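Asker: Build out the structure end to end from the sequences listed, making use of the hints.
Protein chains: 2
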Amino acid sequence: MTSDVTEERVLGAVRERRELVNEAIDDYLPMDEPERLYEATRYLLEAGGKRLRPTVTLLAAESLADVEPMSVDYRAFPTFDGDVADLMKAAVGIEVIQSFTLIHDDIMDDDDLRRGVPAVHKEYDTSTAILAGDTLYSKAFEFMTDTGADPANGLEATRLLATTCTAICEGQALDIEFESRPEVLVDQYLDMVEHKTAVLYGAAAATPAVLMGADEATVDALYQFGIESGVAFQIHDDVLDLTVPSEELGKRRGSDLVESKETLITVHAREHGVDVDGLVDADRLEAVSEAEIERAVGELEAVGSISYARKTASQLAADSKRRLEVLPRNEARSLLADIADYLVTRGY
Amino acid sequence: MTSDVTEERVLGAVRERRELVNEAIDDYLPMDEPERLYEATRYLLEAGGKRLRPTVTLLAAESLADVEPMSVDYRAFPTFDGDVADLMKAAVGIEVIQSFTLIHDDIMDDDDLRRGVPAVHKEYDTSTAILAGDTLYSKAFEFMTDTGADPANGLEATRLLATTCTAICEGQALDIEFESRPEVLVDQYLDMVEHKTAVLYGAAAATPAVLMGADEATVDALYQFGIESGVAFQIHDDVLDLTVPSEELGKRRGSDLVESKETLITVHAREHGVDVDGLVDADRLEAVSEAEIERAVGELEAVGSISYARKTASQLAADSKRRLEVLPRNEARSLLADIADYLVTRGY
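Note that the protein sequences, when read in sequence, are chains A and B. 1491 is the number of the first residue of the first sequence in the numbering used here; add one for each residue after it. 1491 is the number of the first residue of the second sequence in the numbering used here; add one for each residue after it.
No lab work stands behind these hints: they were computed from the structure. Since the model is a prediction, treat every value here as computed from it, not as a measurement. Incorrect hints may appear among the rest.
Stated by the list, open to error - The calculated lysine to aspartate or glutamate pairs, modelled on EDC-like cross-linking and capped at a C-alpha distance of 20 Å, are:
1. B:K1751 - B:D1727
2. B:K1811 - B:E1821
3. A:K1741 - A:D1601
4. B:K1811 - B:E1498
5. B:K1540 - B:E1506
6. A:K1751 - A:D1771
7. B:K1612 - A:D1599
8. A:K1741 - A:D1727
9. A:K1540 - A:E1509
10. A:K1811 - A:E1821
11. B:K1612 - A:D1727
12. A:K1751 - A:E1667
13. A:K1612 - B:D1599
14. A:K1612 - A:D1727
15. A:K1612 - B:E1667
16. A:K1741 - A:E1782
17. A:K1612 - B:D1600
18. B:K1612 - A:E1667
Answerer: Here's what the structure looks like:
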C-alpha cells in the first residue's frame, strides 16, 4: 500500500513532466492541413490525460543515465554511445499511440465519452475519427524514426513500437471476442490484458533503454517492469469500477458488469460458481439501480473475487518493482517504483 | 500510347512477381491468434489485386542493381554496401499498407464491394475491419524495420513509410472534404491525389533505393517517378469511370458522378461553366439510367474535360518516364517505363 506521501510524490513527478510533454506535443504535432483532420488528432490529447506513459519513459531514461531528475534536456539526452537523442520525441510517440488506440476503441465500443468530453467520433464523425487515429499512428512512427539516436537503436525502438501496436490490436480483438465467449479462463484474461494494455507500458519503459543503447538485460527488465505494472494497472482499474462511488469514478459504477465486459473479477467469480451474467438483470446502464450494483458487488466480495483481484494486482506491482534492480539506485528509479505502487492504490 | 505488346510485357512482369509476392505474404503474414482478426487481415489480400506497387519496388531494385530481371533472390538482394537486404519484405510492407488503406476507406465511404467480394467491414464487421486495418498498419512497420538492410537505410525507409502514411491520411481527409466544398481547383485536386494515391507509388519506387543505399538524387528521381505515374494512374481511373462500359469496369459506369466525387474531369468542367452537380439528377446509383450517364459524358466531352484529363495523364506519364534516366539502361528500367505507359492506357 502506498502512503499519501508516495502518491503525492508520483503526482508531482507526473505533473512536472506533463507540462514538458504537452509542450512537445504542440511542437511535434502542430496544426496542419487539412485543418479538421489535425484538429481531430489533437482533440483527445488536449482533453487531458495524466501522461503517465511518457512519464515512465522519461524517468526510465533519467534512472539509466543516473542523473538528477529534471536536470537534463529530454530533447538532447545523453546516450551510452556518447551522443544525444530526443527522448521526448519517443515519449510523445508513446502517448500518441495511446491516443490513437483510445480513438479507435471508442468507435468499436461505441463509447460516447472519454476524458469527460465527447469521444472523437461523436465530436466529429466516424470517418474523421478513423482517420485521426490513423494519422496519429503514422505520426508516432515519424517521431520514433526521428530521435537522432544511433540508427541501429532507432530502428530497434521503431520495431518495438510496431510489435507493440500489433499486440495492442490483438488484445483489443480478444477483448471484443471475450464478450461472446461462454467462458474465459484467468490465464486467457491476463494474456488479453497484457496485449491490450500492458505492452504499451512495456514499450514506454524499454524504449529509452533501447534508444540509449543499454544492454539487453536492462532492456528486458524494463520491458517486464512495464508489462507487470501495466497488467496490475488494468486489474486495479477493474476493481475501481466496482468499488468506487460513481461521483468519484467519473462514470457510472459497475459499468463493466452492465456492459458484460470480462474482468479478472468476473472470470474468477465464474470459476467459483457465480452466475456472473445474472448479477445485474438489465443490459442498459441507466436501468440498473445502485442497489443492484451493491448487491452484485457483495456477491463478488463474498466469493473472494474482489480480494483475489486486489491481491493479484499488488503481487504484480511488487514483481514489477523488483525488475528495477537492474537500474542504478537513484531518485528516478525510486519514482518508478512509486508509480508501480500508485498504479494499484490510486483511488480513481 | 502503349501497344498491345507493351501491355503484355507489363502484365507478364507483374504476373511473374505476383506469385512471389503472394508467397511472401503467406510467409510474412501467417495466420495467427486471434484467428478472426488474422483472417480479416488476409481476406482482402487474398481476394486479389495485381500487386502493381510491390512489382514497382522489385523492378526498381533490379534496375538499380543492374541485374537480369528475376535472376536474383529478392529476399537476399545485393545492396550497394556489399551486404544483402530482404527487399521482398519491403515490397510486402507497401502492399500491406495499400490493403490497410482500402479497408479503412471502404468503411468511411461505406462501400460494399472491393475486388469483387464484400468489403471487410461487410464480410466481418466494422470493429474487425478497423482492427484488421490497424494490424496491417503495424505489420508493415514490422516488415520495414526488419529487412536486414544497413540500419541507417532501414531507419530512413521506415521514416519514408511513416510520412507516406501520414500523407495518405491527409489525402483521404481532403477527398472527403471535397464532397462538401463548393469549388475545388485543379491544383487542389492534383494535390489531393498526390497525397491519397501517388505517395504510395513514390514510396514503392524509392524504398529499394533507400534500402540499398543509393544516392539522394536517385532516391528523389525514383520517388518522383512514383508520384507522377501515381497521379497519372488516378486521373486515368477517373477517365475510365466515365468511358468504359459497366460490364468491363466491374462496377457501374459513372459511379463517381452519381456519388458526387470530385475528379479532374468534374473540376475542369466546373471551371468551364458546366453545372456538374446537375449532370445526373439522382443521388442513388441504381436510379440513374445509362442514357443519363451517356448524356453527361457527352457534355463533359463537349467542354473538353475528358480530353483534358487524358492529356494530363499522358503528360504526367511521359514526365515520370524521364525520371528513370537516373537508372542504368536495362530491361528492368524499360519495364518500369512500360508500367508508366500501362497505367494511363489500361482499359480497366
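Asker: Each hint needs a verdict: does it hold in this structure or not?
Answerer: Here is what the structure says about each hint:
no. : hint              : result
1   : B:K1751 - B:D1727 : 13 Å, holds
2   : B:K1811 - B:E1821 : 14 Å, holds
3   : A:K1741 - A:D1601 : 12 Å, holds
4   : B:K1811 - B:E1498 : 18 Å, holds
5   : B:K1540 - B:E1506 : 11 Å, holds
6   : A:K1751 - A:D1771 : 14 Å, holds
7   : B:K1612 - A:D1599 : 18 Å, holds
8   : A:K1741 - A:D1727 : 12 Å, holds
9   : A:K1540 - A:E1509 : 10 Å, holds
10  : A:K1811 - A:E1821 : 14 Å, holds
11  : B:K1612 - A:D1727 : 34 Å, violated
12  : A:K1751 - A:E1667 : 10 Å, holds
13  : A:K1612 - B:D1599 : 18 Å, holds
14  : A:K1612 - A:D1727 : 24 Å, violated
15  : A:K1612 - B:E1667 : 18 Å, holds
16  : A:K1741 - A:E1782 : 17 Å, holds
17  : A:K1612 - B:D1600 : 18 Å, holds
18  : B:K1612 - A:E1667 : 18 Å, holds
This entry does not satisfy hints 11, 14, going by the numbered hints stated previously.
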